[in-house]
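> Work the whole structure out from these sequences, hints included.
Protein chains: 2
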Amino acid sequence: MINLDRENQHIAILGAGLAGSLLALLLRNEGFKVSVYEKRIDPRETKIPEGKSINLALSHRGIRALEHANAFTPLKDHLIPMNGRMMHDHDGKLTFLSYGTEGQFINSVSRNELNLNLINQAEKSGVSFHFGYKCERVNLEKTEFVVSNNGKYYTHNTDVVFGADGAFSALRKSMLPQDRFDYQQMYIGHGYKELAMPPRNGDFAMEPNYLHIWPRGNFMLIALPNPDKTFTCTLFLGFEGEESWENLTDDKSVLDFFHGNFPDMTSKIPDLLEQFHRNPTSSLITVRCQPWHHKRCMLIGDAAHAIVPFYGQGMNAAFEDCRLFVEMGKEMNFDWDRLLQTFSGTRKKDADAIADLALRNFIEMRDQVADSSFLERKTVDARLHEKFANDWIPMYSMVTFSDIPYHLALKKGLEQEKALIDAQQNNYLSNLEKIKRSLAG
Amino acid sequence: MINLDRENQHIAILGAGLAGSLLALLLRNEGFKVSVYEKRIDPRETKIPEGKSINLALSHRGIRALEHANAFTPLKDHLIPMNGRMMHDHDGKLTFLSYGTEGQFINSVSRNELNLNLINQAEKSGVSFHFGYKCERVNLEKTEFVVSNNGKYYTHNTDVVFGADGAFSALRKSMLPQDRFDYQQMYIGHGYKELAMPPRNGDFAMEPNYLHIWPRGNFMLIALPNPDKTFTCTLFLGFEGEESWENLTDDKSVLDFFHGNFPDMTSKIPDLLEQFHRNPTSSLITVRCQPWHHKRCMLIGDAAHAIVPFYGQGMNAAFEDCRLFVEMGKEMNFDWDRLLQTFSGTRKKDADAIADLALRNFIEMRDQVADSSFLERKTVDARLHEKFANDWIPMYSMVTFSDIPYHLALKKGLEQEKALIDAQQNNYLSNLEKIKRSLAG
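The listed protein sequences correspond, in order, to chains U and W.
Numbering-wise (numbering that gives the first Met the number 0), the first sequence opens with residue 0 and increments by one.
Numbering-wise (numbering that gives the first Met the number 0), the second sequence opens with residue 0 and increments by one.
A portion of the hints provided could be inaccurate.
Because identical chains cannot be distinguished in the list, a pair is counted as satisfied if it fits within a single copy or across any two copies.
What the hints assert, rightly or not - Heads up, simulated DSS-like pairs for lysine-lysine below, C-alpha to C-alpha not over 27 Å straight-line:
| id | residue 1 | residue 2 |
| --- | --- | --- |
| 1 | K386 | K32 |
| 2 | K348 | K267 |
| 3 | K38 | K417 |
| 4 | K123 | K46 |
| 5 | K32 | K228 |
| 6 | K141 | K329 |
| 7 | K172 | K133 |
| 8 | K172 | K141 |
| 9 | K172 | K151 |
| 10 | K411 | K251 |
| 11 | K151 | K75 |
| 12 | K347 | K172 |
| 13 | K294 | K172 |
Because the hints were derived from the structure by calculation, they are not lab data.
The structure is reproduced here in structure tokens:
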């Protein structure tokens, strides 16, 4: 049965990336007329260049949102489970740190593969996609926007406009001069570069079911597996300082740096120097703003809250945005004015929390995972969870394997972390009951 | 003697406000060719509308910068000294809180008067002003900018471009999409509205040599004297909540609010209702960003660091920017690339500190000045300064009556405040030596 009222409501979405294509599918499933405008050309007609985007880790929140859109099943074959972190020390010695309990894992997935899949599903369900159309400006008061294509300009007027157009959102740019619009863009002092590790003898060159980490204090290298048996390796390094991009200027300094810090990885990439020079060094931004809406225009996903990639939650948070928005929409019978205001007001604190968590996790990944007292706490953290189940859930598990709102996961996780550190300092880590008591007290 | 090398260097300044006109004068005094572009029409040919800008308090840092430009003497007649805060309670009872020691005061001054004076002096010294020219965009790489006037566009290319164009700077807008440009705009939850208090029987309606405050906890009203014997009163009130702008909707609610909270002030403004409806309610922004420069383009004053007005330091900080910049320029022989980078790198922490101080001072003004334990600490603070001179300078004095870098004033002031609170809690405020010891310990 077609809901004619909804079919007559026209929703425009700026951006056909991950958030935009999933949101389009979800809103189309609710019966709305949905049009998506994307400045890039159709990804189905082009090849994504190498080294332009770090790998993605799909986990519970993202999967739940995809399932909500009936979009998960066709994706299953493209996922590679990662059961935990595999740390590589200077001598190539490996240490394993599980992500959760038995059977809990996150999934390495290609951004491009996932995006193509969602675009195809959304298009099949009746969403109209317009590739090569760049949003030039949005008139927030009129829910009206101008897109350009091949030097021509087109004005569209719809019932609602979503900005799912990423960290450098055009919709957000139109919101910036609005009175009382709070905005922050903040870069971290590190940049990243991707390097591809080819297969070896037709198979993965390292164990595939892990997120590999070379923690080196102020910098790190990570590697995620791909279905074609390659690994995408990403070096995160400071822009300035002793060990930094500015000091990796010639072949010798690059090779010395890699051989000195990541010998076991360097030997597995024969064309490392060529890749190093060819691939860009990119910066890492955190974006916060509020409110996310103005009249009938609404930011969602990275456009509202871009975060650094270290918790593997950017895409998962964006997908969860879409699910929560549509669920709230159903509850409010898509009373747009109330819905946009309420969603922006309630979701913002979770976006802030995952932004903070992602910044914190960079320090954990590049530094703490190489520290024995941290690993001891992680072990006790896991044992407490085994013993007390839902009364003690490690922060990583709350964030990655549950629907607990991010801001509550952060709050509870920090309390638990404090209790663990206190317990460790008082030398009673072996006595789990005392930790529970110290937390309760 | 004309320095031909400098005369051949063309400096463009965007904005003929307070920072722009003083910077123009200072740089012209150094021998450079200086052109100023201002989007508004010449303030000498128009009348500034009422209720558009809160009064300004000129103090040591601003005066020192004006003196550096030989621009202070002609201004002296336009200043009204304010010796301290005069608090009005609900019954009209007055409490006086001195700003500093005997003979220390701040100066109420009209923004418009000051601005006109600086423009005239700069023009006389050879600066060329272009009013009605709006900066549309800046090409940072080429030090090139486009201004529009009456629908026509003009491109200019200069050796250096300064953005002294205020909190909503056009130059900063061009910097925003730059990689690794950190930016934050943050509004507070309060807005303000100005109301003019006319003279009474040909004289000031209240004592003129004070900054009058009606501290009411979550909101406040202040009044500053003007040379025409009026006071400019400013109400700072939350946008939402029980006592807020959104609840002052009709004549009755406005009159009830004023009579209930500020009876002694309300009786002195016969046309209060008319003014209330006529004058705008404006928001209050804090802007932080870094770096302040890109190539040969540089932000200065509010464009680099807009702050809320509660410490009376916005203009003083902008003027100090100009003095410090030119002094650093002389030391570096105006080696622009090094100068811009060094100034941005060193001054930023002081801008952050005064932004924090200004936000803190709102709470002090609207709430703490009505609290007896706060007033007790203030008294001891002043006595410690009498006794220990430069070893103990109250925070307000460091900020207002000294050149101590803002970030050091904040740091030292917080240490002193903590010592005073500790001393108060331990009931030995009468013993000044103990406070000194508690601070040293």
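> For each hint, tell me whether it holds in the structure or not.
Here's how the hints hold up against the structure:
Taking the shortest Cα distances, K386 and K32 never come within 27 Å of each other, neither inside one copy (50 Å) nor across copies (76 Å). Neither within a single protomer nor between protomers do K348 and K267 lie at most 27 Å apart by alpha-carbon distance, with minima of 43 Å and 45 Å respectively. In this assembly of identical chains, the alpha carbons of K38 and K417 never lie at most 27 Å apart, being 46 Å within a copy and 55 Å across copies at closest. In the homo-oligomer, the alpha carbons of K123 and K46 lie at most 27 Å apart inside one protomer (22 Å), although the nearest pairing across protomers, at 63 Å, exceeds that limit.
For a Cα distance limit of 27 Å, the shortest separation of K32 from K228 qualifies neither inside one copy, at 40 Å, nor across copies, at 64 Å. Taking the shortest Cα distances, K141 and K329 sit within 27 Å of each other inside one copy (25 Å), while across copies they are farther apart (52 Å). For the identical chains of this complex, K172 and K133 are neighbours both inside a copy (13 Å) and across copies (20 Å), given an alpha-carbon limit of 27 Å. Taking identical chains as interchangeable, the C-alpha atoms of K172 and K141 lie at most 27 Å apart whether they share a chain (16 Å) or sit on different chains (24 Å).
Taking CA atoms no more than 27 Å apart as the test, K172 paired with K151 passes in both settings, with 21 Å inside one copy and 25 Å between copies. Proximity of K411 to K251 under the C-alpha cut-off of 27 Å is found in neither arrangement, the shortest distances being 47 Å within a copy and 48 Å between copies. Taking the closest pair of Cα atoms, K151 and K75 never come within 27 Å of each other, the shortest separation being 41 Å inside a single copy and 58 Å across copies. For the identical chains of this complex, K347 and K172 are neighbours both inside a copy (18 Å) and across copies (25 Å), given an alpha-carbon limit of 27 Å.
Taking the shortest alpha-carbon separations for K294 and K172, both the intra-copy value of 15 Å and the inter-copy value of 24 Å come in at or below 27 Å.
In summary, the numbered hints that this structure violates are 1, 2, 3, 5, 10 and 11.
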